[in-house]
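Trainee: Protein chains in written order, with full-length UniProt numbering: chain A, 1 to 442; chain B, 1 to 442.
Honestly, the hints are just simulated from the structure, not real lab data.
Possibly wrong hints are sitting among the right ones.
Since the list can't tell identical chains apart, any single copy or any two copies may satisfy a pair.
No farther apart than 16 Å at their CA atoms in a straight line, the calculated lysine to aspartate or glutamate pairs in the EDC-like style are these [stated by the list, open to error]:
| id | residue 1 | residue 2 |
| --- | --- | --- |
| 1 | Lys-354 | Glu-344 |
| 2 | Lys-312 | Glu-25 |
| 3 | Lys-173 | Glu-25 |
| 4 | Lys-250 | Glu-438 |
| 5 | Lys-173 | Asp-27 |
| 6 | Lys-173 | Glu-288 |
| 7 | Lys-173 | Glu-286 |
| 8 | Lys-354 | Glu-282 |
| 9 | Lys-354 | Glu-286 |
| 10 | Lys-173 | Glu-438 |
| 11 | Lys-250 | Asp-27 |
| 12 | Lys-312 | Glu-241 |
| 13 | Lys-48 | Asp-220 |
| 14 | Lys-250 | Glu-219 |
Below are the chains, spelled out letter by letter.
There are 2 protein chains.
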Amino acid sequence: MTRQLHFNLFLHDTGHHEASWRLPESDPHANLSLAAHQHLAKVAEDAKFDSVFLADGPALFSEPGRRPSGKLEPTVLLAALAVTNSRIGLIATASTSYNDPYNLARRFASLDHLSGGRAGWNIVTTAGEAAARNFGLQDQPLHKSRYERADEFLEVATKLWDSWTDDAIIADKESGIHAVRDRVRAIGHQGTYFRVEGPLNVPRSPQAHPLLVQAGSSEDGKDFAARWAEAVFTAQPTLAESQAFYADLKRRVVAAGREPDQVVILPGIVPVIGDTEAEARELDAELERLIAPEHALAQLSTILRIDPERLKLDEPLPADLPDEDEIEGMKSRYTLIVNWGRRENLTVRQLIGKLGGGRGHRTFTGTPVQIADTIQQYFENGAADGFNIMPAVLPSGIEAFATKVVPILQERGLFRTEYTGSTLREHYGLPRPANQLELISQ
Amino acid sequence: MTRQLHFNLFLHDTGHHEASWRLPESDPHANLSLAAHQHLAKVAEDAKFDSVFLADGPALFSEPGRRPSGKLEPTVLLAALAVTNSRIGLIATASTSYNDPYNLARRFASLDHLSGGRAGWNIVTTAGEAAARNFGLQDQPLHKSRYERADEFLEVATKLWDSWTDDAIIADKESGIHAVRDRVRAIGHQGTYFRVEGPLNVPRSPQAHPLLVQAGSSEDGKDFAARWAEAVFTAQPTLAESQAFYADLKRRVVAAGREPDQVVILPGIVPVIGDTEAEARELDAELERLIAPEHALAQLSTILRIDPERLKLDEPLPADLPDEDEIEGMKSRYTLIVNWGRRENLTVRQLIGKLGGGRGHRTFTGTPVQIADTIQQYFENGAADGFNIMPAVLPSGIEAFATKVVPILQERGLFRTEYTGSTLREHYGLPRPANQLELISQ
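Bound-form chain A, shown alone:
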């Protein structure tokens, strides 16, 4: 069989465009609606997507006034979706900076058990003071120490997931032995950030470990991904940048001693689909008109770490912005925006329009065939193993993608017409991890 595309649906209530909730068709309470999320996951599962995904952070990051800003906690919400969907993978974002490894490893093991092996963890280190201040800190931990803690967090979590062997439970009613005692082991972790005795109080799960996903694109982030990630989300505005990122990350994976095909790279795309090009462009324009510029200016100034007064809507970005090195948190987002504005010589207004739609991700505006062509081009030219689909408007954007774009790619033999595996790892063609503690303590 030819190499196959992978698709993830990035769940985002009424859509990834920040003004999408204002469209007549949109339910402005979708962010808190189980039914709305169930519908999105069902559309994606009917289209044979590999997974759905929820972004997250433990703080109210955006000002609540201008768009739906409350979010249900992802492991809890995806547990509910596991019941109404039987095949699609379920990827929850959770922070290594603001969780304890024992609790979080357990929640993912639980989600993996109850979904029959469909759990994935998008690992984030969580930038920003807003989160820090909800956890007793005045300022966020430094970038470097966040990633050091993340490494140790993963070390602890994977040991906990391996603290039961796969054959630990024998459930022998006759002898009264439920588990073989020496197949359930303490991990005795003593590190810089964590001391965790173990074992986990959940037996080894169907996938052994949830699929490990990562999206940091800073230098530290890419090195972390090379060590741990099995799927990578990334924001790349052009084909050339996608190709460069793809080659760079696969090289780092090899340098970390892993096989390059053990990591699936999924750039984000914002498909804006019309039956004609004119229809697609009209949808794009309608959304841009709905953006409230004062809100967008405030957001942009936060990312750029400058006074909002210094941003003039009809002028380009100021020339004297700080270097990426001086930035703590969302480094790669910062660089992407600054480079984009300068490369295309955009005014602040134009830049805001593009960010409102794709937030640095590639917007594909066009007919279903044009979008399928672009996807195929990326896939066959070293830019992607699949895509993180981020429709500007939901549910209509994923319905259009599922019914109009997916069939074209299926006809071309590039995307599955039926699920062949049952776990999320099987969907992505990734192996079930061996048990790292198995040999040590026998």
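Please arrange chain B on chain A, whose structure you already have, making use of the hints.
Mentor: Chain B only, in chain A's frame:
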């Protein structure tokens, strides 16, 4: 309408008797099975129970060998049950010692949103070194400081749940205003254990706060319950002890400045139901025969803090056990067991038999009418507002209770024949909390 009973089903895979998994009818993998939990919740919902409940702690507390010991994390598991059940309340245990208030408040708010107002939180401080060692501590925090932390945890959590007013979201598409900015407020908490800025990133939920449940019966535990709890689980082996507990707790509730009927007291009962008395006694005896004494001895010696060698199966408990004051953790369980053994002059073997079934809770063995009579006796004589039902064997024990005991109580007008409310608070007849931050910041 006459005062009504309340029933909670204490979910516990194959049953509360530690040997229940060894019965021919039992699925020994029920502890990890979503379907098994769904079935139990459905039986309880069909019988119009107020709620189901999961105990929990962040450690593998019992030796894994002798009974199913892995447990799915309750907030995740109950989120899945929320989808397959539409009326029954969902009470998850979570620890104030080993969670951050921001994360936990958010998970309960999320569960409350996605269940349409059916979330409850059984608040525990988590005794034991096993848990402490999974969170970087060598020993458990002292009893006193665990409760001080719990008080501050509740203060933070309730403020976070109140950090959005009920009318914060206006979702006005025309003006582009989704939430009214000054109706979403930081909490700025600066305390001894926590500094939490807020606001929560989840809007106020259907119940405002999850139902607050508590089960500690030590002096500190009862005072904590008097301040915070709206439902209390308790283990009381006799009617007289239940009455004493009931009177004592209601007195403390009044002393804490609350109305006595704002707290619902639910003793645990282990109904062992036979169509004849002889049949019920035979089920009791069968379970006692299945207990492995060496395992039970190890468990008992842990609770009593003595060397297992000092426990002789056919002799009474040693005379020189420590005082409750010297015990850190599970104080009330300790006292209950020691008093029980001495009062009835039981041998260790007899005590183990009773603990295997009820673990200190009252075992009601008899016909459906006998059990209904005992429930009514407790309910009408100041011993209970309802019961925490803990069948020795599941699902058969709850099926028998639902189909044989509940109809008798319904005929007597003591238990609902249909749900009249939609939220867990409405089931228990408890009010939705007012917003404590509402007036302060307007």
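Trainee: Now look at each hint and say whether the structure bears it out.
Mentor: Here is how each hint holds up against the structure:
1. Taking identical chains as interchangeable, the C-alpha atoms of Lys-354 and Glu-344 lie at most 16 Å apart only when both belong to the same chain, with a minimum of 12 Å there against 78 Å between chains.
2. Taking the closest pair of Cα atoms, Lys-312 and Glu-25 never come within 16 Å of each other, the shortest separation being 33 Å inside a single copy and 73 Å across copies.
3. Taking the shortest Cα distances, Lys-173 and Glu-25 sit within 16 Å of each other only across copies (11 Å), while inside one copy they are farther apart (57 Å).
4. Taking CA atoms no more than 16 Å apart as the test, Lys-250 paired with Glu-438 passes in neither setting, with 29 Å inside one copy and 53 Å between copies.
5. For the homomeric pair Lys-173 and Asp-27, the shortest alpha-carbon distance between copies (10 Å) is at most 16 Å, but the shortest distance inside one copy (53 Å) is not.
6. Within a single copy, Lys-173 and Glu-288 get their C-alpha atoms only as close as 65 Å, which misses the 16 Å cut-off; across copies the closest is 15 Å, which meets it.
7. In this assembly of identical chains, Lys-173 and Glu-286 lie within 16 Å of each other by CA distance solely across copies; the values are 14 Å between and 66 Å within a copy.
8. For the homomeric pair Lys-354 and Glu-282, the shortest alpha-carbon distance inside one copy (15 Å) is at most 16 Å, but the shortest distance between copies (74 Å) is not.
9. Taking the closest pair of Cα atoms, Lys-354 and Glu-286 come within 16 Å of each other only inside a single copy of the chain (13 Å); across copies the shortest separation is 71 Å, beyond that limit.
10. When the C-alpha separation of Lys-173 and Glu-438 is checked against a cutoff of 16 Å, the pair qualifies neither within a copy, at 25 Å, nor between copies, at 57 Å.
11. Taking identical chains as interchangeable, the C-alpha atoms of Lys-250 and Asp-27 are never at most 16 Å apart, the minima being 40 Å within one chain and 46 Å between chains.
12. Taking the closest pair of Cα atoms, Lys-312 and Glu-241 never come within 16 Å of each other, the shortest separation being 28 Å inside a single copy and 74 Å across copies.
13. Taking CA atoms no more than 16 Å apart as the test, Lys-48 paired with Asp-220 passes in neither setting, with 33 Å inside one copy and 54 Å between copies.
14. For the identical chains of this complex, Lys-250 and Glu-219 are intra-copy neighbours only, at 14 Å inside a copy versus 60 Å across copies, given an alpha-carbon limit of 16 Å.
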